[in-house]
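Can you make the complete structure from the sequences, with help from the hints?
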Amino acid sequence: AAGVIQSPRHLIKEKRETATLKCYPIPRHDTVYWYQQGPGQDPQFLISFYEKMQSDKGSIPDRFSAQQFSDYHSELNMSSLELGDSALYFCASSLTGGNTIYFGEGSWLTVV
Amino acid sequence: AQSVTQLDSQVPVFEEAPVELRCNYSSSVSVYLFWYVQYPNQGLQLLLKYLSGSTLVKGINGFEAEFNKSQTSFHLRKPSVHISDTAEYFCAVSDSSQGGSEKLVFGKGTKLTVNP
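Order-wise, the sequence lines are chains V and E. Taken in order, the first sequence gives residues 1 to 112; the numbers are from the working numbering. Taken in order, the second sequence gives residues 1 to 116; the numbers are from the working numbering.
In short, the hints are calculated from the structure, not lab data. No experiment lies behind these values; they were computed from the predicted model shown. Do not rely on the hints blindly, as some may be mistaken.
To be verified - With a cut-off of at most 27 angstroms between alpha-carbon atoms, the simulated DSSO-like pairs for lysine-lysine come out as follows:
#1 57(V) <-> 58(E)
#2 111(E) <-> 69(E)
#3 15(V) <-> 52(V)
#4 111(E) <-> 49(E)
#5 108(E) <-> 57(V)
#6 111(E) <-> 58(E)
Stated by the list, open to error - Quick look at which bits of chain E chain V covers, simulated, 3 or more residues with Cβ under 8 angstroms:
#7 19-28
#8 46-60
As the list claims (entries may be wrong) - Covered by chain E, per the in silico footprint, the following chain V stretches (three or more residues, Cβ under 8 angstroms):
#9 37-49
#10 97-105
Every residue, glycine too, gets a C-beta built ideally from N, C-alpha and C.
Next comes the structure, spelled out in structure tokens:
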């Protein structure tokens with residue numbers, strides 16, 4: 001079965017640069033979530049979208065933005081990168097009423 | 001708002017021994033409960049979930065968990081672990097009152113290490 005696809009899987013950026021992560025949800029899933037997992041930390045919710053509209057917002061820095069497109073894929077844009085942004089970024093998707101959130105393999109961002 | 005407490009940050013056990021990973025939650029609304037596993041340098045894989053009905057839920061890889069509403073707990077168990085079960089285990093909760101598609105709140109994780 002198709003899973004949540006994230007790209008790129010690994011990304012190295014310098015401080016103050018910009019990075020964009022992409023997420024392709026499971027087909028027919030209408031909700032996308034972004035999570036950030038720092039080294040040795042639990043995943044922290046950043047933001048979610050339902051039917052291309054922002055549905056919830058967590059601890060997402062103002063330097064980050066995200067959107068969901070008409071084909072339901074989502075992008076997380078991170079600007080003015082800081083060393084502390086180095087983390088594993090997960091995208092997840094679900095279907096309304098489906099009760100379960102499925103995660104992608106994650107995108108490793110390293111800021112140097 | 002919900003919160004999750006995983007009481008043990010690390011649990012070392014010997015192969016073929018039983019294991020219990022503890023999880024307690026706090027919520028002012030009804031919840032769904034989940035256990036996810038994360039193998040080294042990999043993503044999050046759903047182990048099992050409690051949505052409603054029977055309080056004992058069985059998941060993949062021989063794991064099971066029991067929902068205890070009075071104790072607000074959802075402990076994960078396996079009667080006999082294997083080396084391959086070495087991983088980080090996350091308990092998570094979501095608000096069920098909205099009918100689904102609510103974000104997950106994770107615990108801090110429990111690192112299970114199975115030794116030969």
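Going through the hints against the structure:
Proximity of residue 57(V) to residue 58(E) is assessed by CA-CA distance (about 32 angstroms); at most 27 angstroms being required, the pair is judged violated. Restraint check: the Cα-Cα separation between residue 111(E) and residue 69(E) comes to about 25 angstroms, which is no more than 27 angstroms; the hinted pair holds. This hinted pair does not check out: residue 15(V) and residue 52(V) have alpha carbons roughly 30 angstroms apart, beyond 27 angstroms. For the given pair, residue 111(E) sits about 19 angstroms from residue 49(E) by alpha-carbon distance, which is consistent with the 27 angstroms threshold.
Taking the CA atoms of residue 108(E) and residue 57(V), the gap is near 20 angstroms; set against the 27 angstroms cutoff, the hint holds. With a CA separation close to 20 angstroms, the supplied pair residue 111(E) and residue 58(E) stays within the 27 angstroms bound. Closer than 8 angstroms: that is the beta-carbon criterion, and the region 19-28 of chain E has 0 residues meeting it against chain V, so the requirement of 3 is violated. Restraint check on the region 46-60 of chain E versus chain V: 3 residues with Cβ-Cβ distances below 8 angstroms, three needed, restraint holds.
For a cut-off of 8 angstroms, the count of residues in the region 37-49 of chain V with a CB near a CB of chain E stands at 6, and the three-residue condition holds. Coverage of the region 97-105 of chain V by chain E holds. Counting CB-CB distances below 8 angstroms, 9 residues qualify, and the rule asks for three or more.
Consistency with the previously given hints fails for numbers 1, 3 and 7, ordered from lowest to highest.
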